[in-house]
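Knowing the structure of chain G, use the given hints to seat chain D on it.
Okay, here's what each chain looks like letter by letter:
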Amino acid sequence: MFKEAVIDGLWKQNPGTIQLLGLCPTLAITTSVINGLSLGLATMFVMIIANSSISPIRRFVPDEVRVPIFILVIAALVTVVDLSIHAFAEPLYKALGIFIPLIVTNCIVLARVESFASKNPTLPSFFDGLFMGLGLCFVLIILGGMREFLGQGTLFSGFDLVFGQSLSGIGINFFDQYSGFLLAILPPGAFLGLALLIALVNWIDQKD
Amino acid sequence: MNDFIKKNKIVGRTVLVMIIFGIIFSTILEFVHNKTNPIILKSEAEAKERLLLQVISKDLYNNDLINSFIDIKPNQRLKNREMIKGYVARNNNEVTAVILETRAPDGYSGEIKILVGIDKNGNILGTRVIKHQETPGLGDYIDIAKSNWINIFTFSSLENTSQSEWAVKKDQGKFDYISGATITARAVTKAINEALNYFKENKLKMGINV
Numbered sequence: 000m001f002k003e004a005v006i007d008g009l010w011k012q013n014p015g016t017i018q019l020l021g022l023c024p025t026l027a028i029t030t031s032v033i034n035g036l037s038l039g040l041a042t043m044f045v046m047i048i049a050n051s052s053i054s055p056i057r058r059f060v061p062d063e064v065r066v067p068i069f070i071l072v073i074a075a076l077v078t079v080v081d082l083s084i085h086a087f088a089e090p091l092y093k094a095l096g097i098f099i100p101l102i103v104t105n106c107i108v109l110a111r112v113e114s115f116a117s118k119n120p121t122l123p124s125f126f127d128g129l130f131m132g133l134g135l136c137f138v139l140i141i142l143g144g145m146r147e148f149l150g151q152g153t154l155f156s157g158f159d160l161v162f163g164q165s166l167s168g169i170g171i172n173f174f175d176q177y178s179g180f181l182l183a184i185l186p187p188g189a190f191l192g193l194a195l196l197i198a199l200v201n202w203i204d205q206k207d
Numbered sequence: 000m001n002d003f004i005k006k007n008k009i010v011g012r013t014v015l016v017m018i019i020f021g022i023i024f025s026t027i028l029e030f031v032h033n034k035t036n037p038i039i040l041k042s043e044a045e046a047k048e049r050l051l052l053q054v055i056s057k058d059l060y061n062n063d064l065i066n067s068f069i070d071i072k073p074n075q076r077l078k079n080r081e082m083i084k085g086y087v088a089r090n091n092n093e094v095t096a097v098i099l100e101t102r103a104p105d106g107y108s109g110e111i112k113i114l115v116g117i118d119k120n121g122n123i124l125g126t127r128v129i130k131h132q133e134t135p136g137l138g139d140y141i142d143i144a145k146s147n148w149i150n151i152f153t154f155s156s157l158e159n160t161s162q163s164e165w166a167v168k169k170d171q172g173k174f175d176y177i178s179g180a181t182i183t184a185r186a187v188t189k190a191i192n193e194a195l196n197y198f199k200e201n202k203l204k205m206g207i208n209v
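From first to last, the protein sequence lines are chains G and D. Read left to right, the first sequence gives residues 0 to 207 (numbering that gives the first Met the number 0). Read left to right, the second sequence gives residues 0 to 209 (numbering that gives the first Met the number 0).
None of these hints come from the bench; they were simulated from the model. Each residue gets a CB set at the ideal place from its N, CA and C atoms; glycine is no exception. Any given hint might turn out to be false.
Claimed, not checked - Listed below are several chain D residues computed to face chain G (Cβ distance under 7 Å; list not exhaustive): (1) Thr13; (2) Val16; (3) Met17; (4) Phe24; (5) Leu28; (6) Thr35; (7) Ile38; (8) Ile39; (9) Ser42; (10) Ile65; (11) Phe68; (12) Pro135; (13) Gly136.
If we strip away everything but chain G, and leave its shape as in the complex, we get:
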């Protein structure tokens, strides 16, 4: 059960490269590693609590209206996360801003609740949320890294804005005079980058 969740979430059913769900944030946010990582972590957190809170109440939810109720629960949970981050982690809130409320509309959250948590016990649902979220997070980081490297010639820049001043030295600048490859930062770069990533995953899968 645990092993299955790991393999499914990280590779076989990866939300970013195989299920292709929740693409809107994947494409919009991944202009740098830090953006990808921040949204990935927030989404993962929401997926974990959404899965593990809907699984125990799944017997009380009538089949006909399960989707509205799931949406209600997810929206409430995301609002709680949003308010808490705003109150207790203001720098993080400033960096993520509008992306946190937008997690409600991320269909990967609803998809995992609907296809997994509503049919399985709590512990497997927890693992499903954790590893599906982690899988998405990895894709966001890799895509963000590709676009940041090509677009700005840097990696890990801006970590201090989210995780505090102590990390201000972590950013790497690869070129002295780099005017930037604009296409990578703009939306087409997201589509091209994701396509390359999916192609790579398919290529690796086919070799086996």
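Using the frame of chain G, we list chain D on its own:
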């Protein structure tokens, strides 16, 4: 008839479950909101003062800056659509500087909000972009978090910079810009110039008669 009752029973049960879920989660939200709201308001006020302190320095005033403001009606210069606050810094009751919020409606993607600190003689003390949606990695150099560009306006005024010089270098003006994102710099420059003009026209109202 039996069928009818059966159907209605399902409908009733469904409605009941939805109402119960609605009530439970509204209660949770209300609870969390009540717990977090005071903290959020407090940190927003602190953030506001930190923000104001980025455009004027602390030794310029000894009044309670956050509560020392004039209301500014919507006008063509600052482009505000609703009442906004203009903060007035006083040192021993004498006005030393004002902080205005100006908008550039013609940014590359949407409105840019800029905070401008102006001393009593009309010189710019500091400028900060406080809200924008410019392209990441391209137009976002106006944000102090990304580059120091916004500081080029410091010490400029309507006196030491003529109206035609209040433009980016591409438009024969005085101010630098980063090529590829001229529209952004042009919008910001114009908005800051408008703020200075607003100050010039309204400084009497703010208690400045130099």
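Now the hints, each set against the structure:
Given hint, Thr13 of chain D at the interface with chain G, holds; its Cβ is 5 Å from that chain's nearest Cβ, closer than 7 Å. Below 7 Å, beta-carbon pairs count as interface contacts, and Val16 of chain D has one with chain G at about 6 Å; its hint therefore holds. Because the closest C-beta pair between Met17 of chain D and chain G is about 6 Å apart, less than 7 Å, the hint holds. The beta carbon of Phe24 of chain D is positioned within 7 Å of a beta carbon in chain G (closest approach about 4 Å), and the interface hint is therefore held.
With its C-beta approaching chain G no nearer than about 6 Å, Leu28 of chain D sits inside the 7 Å limit, and its interface hint holds. Annotation: Thr35 of chain D was flagged as interfacial toward chain G, and the flag holds, the nearest CB pair being 4 Å apart, inside 7 Å. For the restraint placing Ile38 of chain D at the interface with chain G, the shortest Cβ-Cβ distance is roughly 4 Å, inside the 7 Å limit, so the hint holds. Hint on Ile39 of chain D holds. Least Cβ distance to chain G is approximately 5 Å, under the 7 Å limit.
About 5 Å separates the beta-carbon of Ser42 of chain D from the nearest beta-carbon of chain G, less than 7 Å, and the hint is met. Taking 7 Å as the C-beta contact cut-off toward chain G, the hint placing Ile65 of chain D at the interface is violated, the least distance being around 17 Å. Annotation: interface hint on Phe68 of chain D violated; nearest CB of chain G at approximately 23 Å, more than 7 Å. Of the supplied interface hints, the one on Pro135 of chain D holds, with its beta-carbon coming within about 5 Å of a beta-carbon of chain G, less than 7 Å.
Because the beta carbon of Gly136 of chain D sits about 4 Å from the nearest beta carbon in chain G, less than 7 Å, this interface hint is met.
Hints 10 and 11, counting from the list given before, are not met by this structure.
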